[in-house]
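The residues making up each chain are set out below.
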Amino acid sequence: MATEVVVPMLGITVEKGTILEWMKKEGDPVEKGEIIFIVETEKVTTEVESPASGILAKVIVPAGVEVPVLTLVAVITEPGEELPAKYAALSTQVPPVEAEKVSQAEQVPTPMPHQVRPAEVAEAAPGGAIKVVPAARKLAQDKGLDLETVSGTGPGGIIVIRDVEAALKPGPELAAKVSTLAGRLAKKEGILLQGIEGTGVRGRIMRADVERVIEEATAPSLGKVIPMDSIRRVIARRMSESAFTAPHIYFFTDVWMDPLLNFRRDILPNFEEKFGLRLSINDLLIKAVALNILDFPLLNATFKGQEIYILPEVNMGLAVALPDGLIVPAIARADKIGLAEIIRQRADLVQRARSGKLSMDEIERGTFTISSLNQYDITYFTAILNPPQSGILTVGKTRDELTLVDGAVKEKRVTSFGLSVDHRIIDGTVAADFLQNLKWKLERPALTFLNL
Amino acid sequence: MSGSEGAMYDLAIIGGGPGGYVAAIRGAQQGLKVLLVEKDSLGGTCLNRGCISTKCFIHDGKILEAAKTSQVLTGAEALSIDLGKMVARKRQVVKTLVSGLGKIIQSHGIDVVQGLGVLIAPGRVKVSLPDGSTKEYQTRHVILATGSKPAVPAFIEVDGHYVQTTDEALDSDDIPGRLIIIGGGVIGVEMAGIYRTLDREVTILEMLPDILTTEDAEIRRAMRRLLEQRGVKVHLKARVKEIAVRDNGTDVIFEDEVLGTEVLKADRVLVATSRVPVLDGIDVGKLGLETDGPFVRANERLETNLPGVYAIGDLIGGMMLAHKASAEAEAAVANILGASKEVKPERIPRCIWGFTEIGAVGLTEEEARATGRPVRIGKFPFMNSGAAQALGSVIGFAKIIGDTETGEVLGFHIMGPHATDLIGESVLAMSMESVVEELAEAVRPHPTLSETVMEAAMDWSGLAIDSPKKST
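These protein sequence lines are chains R and Z, in that order. So the first sequence is residues 4 to 455, counted in the working numbering. So the second sequence is residues -11 to 460, counted in the working numbering.
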């Protein structure tokens, strides 16, 4: 089956990138995980790995062209597989943003690595800094290699991974960390030593460590291996970044839901008649939480360097599950706009999230997030913050409970709410106050919607 | 420093030999509260009745031999060894080491109890004290390190004079004129060297087709030839049937495959057939402790099947060597502390002190070839070594076995002067996963015996310097 190669999401604010260089040309065999092209954006220059093993059957976007992220740039086929007709028909796609910059020659779908805007690349380095791809910089950092000593062989002299590897190879630094037998075995089996955990004295990579990696790579008992697509990679990176940099604390409370449910029931006919829109409990929650945030500005803050930024608007992020991922578009100014506008934005964002047509701004602008599993039989759960936000609210299922009111058993509808906050910014009492206040107001909808 | 009954120990060790005392010191260094139980004398067989004793005698014998074979000393013919002084010196060396060891152990705050340690159950150790009383101790972990003792076939009775094991032999201040050693293993070969150097008549009776059967065939052949050259009679495939003690000697009756039943007369017989584990205080059946033949079974992490109970050293079989026990002691303590350490047998050097020394590590050539890997041999004789010539000790050679493809050092075998010291660098090379070429590349000082190791490694690539060009 043919595999599509796209420009990956390169950070939440990045919308487009320029392919600097194709490391493979059409017809080349490629291995999953092998670097196949280098893409440059305003913020980063990065190496992109092949999502599959096979033949690079078609390069659709040549080097030097700027395209939006997630643009189809190439197709990988299995050996012997014919390029599906729908791809064969594609000629080099040059999106309008950059069309005028691309010459006729560059539209030919073959790589021309060293013709790519060399001047621009060289100038792109601010203040004469060394031009280096992030992965290469990280490797150099890990190995304590001074990048000044490395000469780049990438386009425009940019330092790529292979340059750092070459610089490391003969040096005593790496050699000391790998036993000779391990090194020889790795070379024979084509195993990259970087990243292998060494179990020898002082972390030295021994033969058994390389053997373990080989075994893991060839173990048939592993079951299906699912290559990470670009969305999954972004999720993986952002979630671990959030989990490991922001110390999370969690708070839970049960909210008596009957008042809010009744409130909705009461206004529903008039609301529908006036706006032609169906008001959901979620919409009421979005508004209620947004208004509650106004009383607790720290919950609408981000943490940057040494400062805490309180954001002027509440853009309410909604966690939307996709078939193979998760995306969090945000309703703009949820604190200011009316319920009808909230419904319109929500419906539109969710629909476009599912069809993959959100703009970067819509994903990026969130200042707080609600993650609801109300439709699932989940009582309550914790969530990981969506960086750089400082709070996320979770909503469990609405359940029936019996309670004792004035000596009589009464039925109540109850929902458990969870709050995760970044403890660097928010103290426990602030978070508790926020959640308690939200509970108080949800149980008295008039207080919320009169914004008292 | 005698243990306290009420206390909870982190680690109780039964046996204070090179396994047990190393475990005790390492445990204490790592902050564990350690109890060490020894029924006899700290240092175990190694210090008291084995390695150190034999090395004293071998050294004394070598001095005599060197003097007698010297081309420059005069009057050396009249030299002889005073057996009483030889044994006294050994006792003094042992005493110095044992008391030194005691002080070291004390300095680490280890509680030492003199008595027979009994494992009642995991976590419970009872000690029968010399005065007949008992004490019981609680502990989180136990290391069994009770060691081994000479095995004596059922039909042989050790009387301590006519029939001895090494336990008696190494503390005798008389050595009669004719000796028969039953067993051509490491102990037999070492004792033959000691006795023969003292000008005694020595015969080795070995049941198997060769002596030193764990060693490389070339090494075995060379050592057998050396024994015979020095006048030791080596009788292979000789199955001893009976030892009859007469008025002033013994008749050893044995069966030879070809000659049939034979009788050999001797003034004394040394039984050096093998060693069996010491299980005093370890009631295998009652504890439900799993065994491997006569040995306690321990997995690669040195754990027995009982929770929190580890076993190391001769008790668990394998190579019965002090440094193997010590290495296992360190691994066991590390594992108690949460690591996952193993002791690889192929990294344990084997040492034999005969007329000349043998140092070996890893696979023999036969074993290496049996793996099916591409194997190449490098060799260098001490005859070609300037240092060996100057020392007047040119017997033997160094032999390296390497994987042709990867350069992995599969085995290293040295017979010759200071072979037991020289093997160390090969052990290091193998532990570091260095390759043959690296053993060849490292510069050795000249003139030293260590150059022999380097030249053997060079020869592996056909590049030895002090060897004539190889015919192809």
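Since the hints were derived computationally from the structure, they do not count as laboratory data. Here the structure is a predicted model, which is why all the values come from computation and not from measurement. Worth double-checking, as some hints may not be accurate.
Facing chain Z, according to a computed beta carbon distance under 10 Å, are these residues of chain R, among others [said to hold, decoys possible]:
| no. | residue |
| --- | --- |
| 1 | Val72 |
| 2 | Leu75 |
| 3 | Lys180 |
| 4 | Thr183 |
| 5 | Gly186 |
| 6 | Arg187 |
| 7 | Gly206 |
| 8 | Arg210 |
| 9 | Leu314 |
Cβ coordinates follow ideal geometry from the N, Cα and C atoms, glycine included.
Restraint check, 10 Å cut-off on beta carbons, for Thr183 (chain R) near chain Z: Status holds, d = 5 Å.
Holds or violated: is the Cβ of Lys180 (chain R) closer than 10 Å to a Cβ in chain Z? Check failed: Cβ of Lys180 (chain R) comes no nearer than 12 Å to chain Z, outside 10 Å.
Interface hint outcome for Arg210 (chain R) [beta carbon to chain Z under 10 Å]: The hint holds - Arg210 (chain R) has a Cβ within 10 Å of chain Z, the shortest such distance being about 6 Å.
Would the hint on Gly206 (chain R) be counted as holding, given a Cβ-Cβ threshold of 10 Å to chain Z? Where the cut-off is 10 Å and the nearest Cβ of chain Z is about 14 Å from Gly206 (chain R), the hint is violated.
Quick one, is the Leu75 (chain R) hint okay against chain Z at 10 Å, beta carbons? violated (45 Å)
Identify whether the interface hint at Leu314 (chain R) stands, where standing means a beta carbon of chain Z within less than 10 Å of its own. violated (47 Å)
Closer than 10 Å between Cβ atoms is the bar; does Gly186 (chain R) clear it against chain Z? Give me holds or violated. With a minimum Cβ separation of about 9 Å from chain Z (threshold 10 Å), the hint on Gly186 (chain R) holds.
Interface hint status, Val72 (chain R) versus chain Z (Cβ within 10 Å): violated (45 Å)
Measuring from the C-beta of Arg187 (chain R) to each C-beta in chain Z, is the shortest one below 10 Å? holds (5 Å)
The structure does not agree with the numbered hints 1, 2, 3, 7 and 9 stated previously, though it agrees with the rest.
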